[in-house]
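Enquirer: Under the UniProt record's numbering, the final residue of the sequence shown carries the number 444; numbering is consecutive throughout.
Hints in this document: simulated from the structure, not taken from any laboratory.
Computed from a prediction, not measured in an experiment: that's the story for all the values here.
There's no promise every hint is true.
Okay, derived cross-link-like pairs now, DSBU-like style, lysine-lysine, Cα gap no bigger than 35 Å in a straight line [unchecked claim]:
(1) K311 / K173
(2) K166 / K253
(3) K158 / K411
(4) K166 / K138
(5) K173 / K411
(6) K183 / K166
(7) K255 / K411
The following label-pair restraints were derived from C-beta to C-beta distances [stated by the list, open to error]:
(8) S129 / D313: 25 to 33 Å
(9) L360 / R396: 27 to 35 Å
(10) D336 / R305: 20 to 28 Å
(11) P178 / Q340: 42 to 50 Å
(12) T207 / Q338: 45 to 53 Å
(13) L176 / K119: 46 to 54 Å
(14) T186 / T122: 42 to 50 Å
(15) E394 / D313: 23 to 31 Å
(16) D223 / Q121: 19 to 27 Å
(17) Q338 / Y125: 18 to 26 Å
(18) A304 / E359: 16 to 24 Å
Using N, Cα and C, we set each Cβ at its ideal position, and we do this for glycine too.
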Amino acid sequence: SPWDSNKPQQQSPWENNKPQQQTTLTTSRPLQQSTWPGNPDQFTSWGSSQTLQGGLSNQNTGRPQQQPAPGIITQTQGVFNSQQSGSYTPVNNNQPTKMPNKPACIRSMTEVRGENVCKGQTIFYDDFSESSNIDQYKWTHEAIMPWTPDYEFVVYTKNDTTSYVKHKRLYIKPTLFPDDFVKRGTLDLESCTGLLHSEECRRQGATFNIIPPVQSARITTKDSLSFKYGRIDIRAKLPVGDWIVPEIWLEPKRKDYGSGAFASGRVRIAMARGNEILEYDGRDIGNRQLEVGILMGVGENIRARTIIRDKADGWWRSFHNYSLIWTPDNLQFLVDGQHQESLASPGSPLYRLAGFDEELGETWRHGSLIAPFDKEFYVTLGLSVGGMRDFPDECRSANGHEKPWRNMAVKAMASFWEDRRIWQRTWTEENSALQIEHVMVTAL
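Work out the full structure, taking the sequences as your base and the hints as a guide.
Expert: Written out as structure tokens, the structure is:
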């Protein structure tokens, strides 16, 4: 018999305790999820004439599955009644079946690609420890020269100088193009993720209409994970350096509430401007001030609802755990597991709390009270510089140096670039990078 227990079994590939695929077995009474040990030569599935060689087989492809860890089931004789049902009939009842103690799946409010998952299940995790490269199965790079809505002064690209893994950390770091290229060069992005045949994909420097002078990176889980409701925990060290902005966001998978840039919302999980000192209207809005919250809007009427936390020595000096608990009626933010604060109020639609009247609020009225944040979102990590939305006009950096551009001015990016001798000396190789130790999304 191919199931002879005296036959030496092959060494299990599960010795590193990393499960790969499991097969659910059932008897006449409900069983916990279980797996076959060892690597049997063959078995025959009742109700099917196919004999599967080399162990358990994938139903669709016929390729052998990886074998699970030994010791889950001690009984080694039996057959499947069908591949479809997965039911199992023991042949030899002399040996007891040992089942693992696995808690029952409790349905979660969290949805992943429209499907419910189990409460407490980790639906995404990356600690950047498996490789020196960014996992392309989890993360997708954007390749774009952004235009609306933020008009950042950067080019998002995929290269080893702006995004990489080092010492089990993700780094996203700004670098500068040469001055001559910025003013007179041509940049045509390969595999552009922006609007093709537009300035998001191709630009040529001329006079004050320069190429974005900063290279950076932005990665997303758009192609690997989108979810609705859950808990997200990101351990990060925010960057320092004048006019730098970290991007730790949730962005909508689809434009369910309209084509406008913020009609379907954006969640900011952590943002602190890179300027160590940035005075505006009598207060410091620089790196000492952490902002978390949401952005939503209709057309150019964009509003934020923000929670602010101050830290005397700034948010760039050490790693912190930035968390969001997202439920059907609220968005709650935590830092280092403390001071949980809510963004919504019971019974009041979020658009009112953000300052929209009933006419503009019509955009979200057909949704829930927290619309537009009642649809699937994905994770975005990146680093931007400058732009038209994060730095108010007339703010002043260290030594009273006024912001060198005016928002929405035609020459805004060129004015920023001409001031580089001032702001470039505040950037450092290590500390001006956004650093991420892990990203985890858990079902509630």
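Enquirer: Could you check the structure against the hints above and give me the numbers of any it violates, in ascending order?
Expert: When the structure is compared with the hints, none of them turns out to be violated.
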